[in-house]
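A.B. asks: Sequence:
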Amino acid sequence: MSETDIINYSRVNKALEENNRQFKQWHLNVIMCEIEIKTNTKQIKQQIILVKDKVNKLKLQRKSAIENVKISNNKLDELLAEKEELHIELKKISHYGKVVCEYCVRYYS
48 MSETDIINYS RVNKALEENN RQFKQWHLNV IMCEIEIKTN TKQIKQQIIL VKDKVNKLKL
108 QRKSAIENVK ISNNKLDELL AEKEELHIEL KKISHYGKVV CEYCVRYYS
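Sequential numbering of the sequence shown, starting at 48, is according to the working numbering.
Just so you know, these hints were derived from the structure itself, not from any lab.
Since this is a predicted model, take the numbers as computed values, not measurements.
A portion of the hints provided could be inaccurate.
The calculated DSSO-like cross-link candidates involving lysine-lysine, where the alpha carbons are at most 30 angstroms apart (straight line), are [to be verified]:
#1 89 - 101
#2 89 - 99
#3 89 - 71
#4 110 - 99
#5 104 - 117
Can you make the complete structure from the sequences, with help from the hints?
C.D. replies: Here you go:
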């Protein structure tokens, strides 16, 4: 081997070592990115589960609130009907055209 060949061999060998070092570094970066992707994927799945649970909980709360409103409206209707009946009865028992209940005076006049 000539001196030029030795110099070229040494230069190529150094370049190959540098290439191998960079390859190892980039390979390590790829491995770290893959781990990060897996971690992020797990976290996304966990967050999706939490969001679905929260949505289901809110749906149940909304359904319960709707049922409570229906019950309350029905009770209000019953109480209003009872109030109307009581005021009609009070109006019937008024003396000489004067209503006994002050509310009836305002309500029926």
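A.B. asks: Mind listing which of the numbered hints don't hold for this structure, in increasing order?
C.D. replies: No numbers; nothing is violated.
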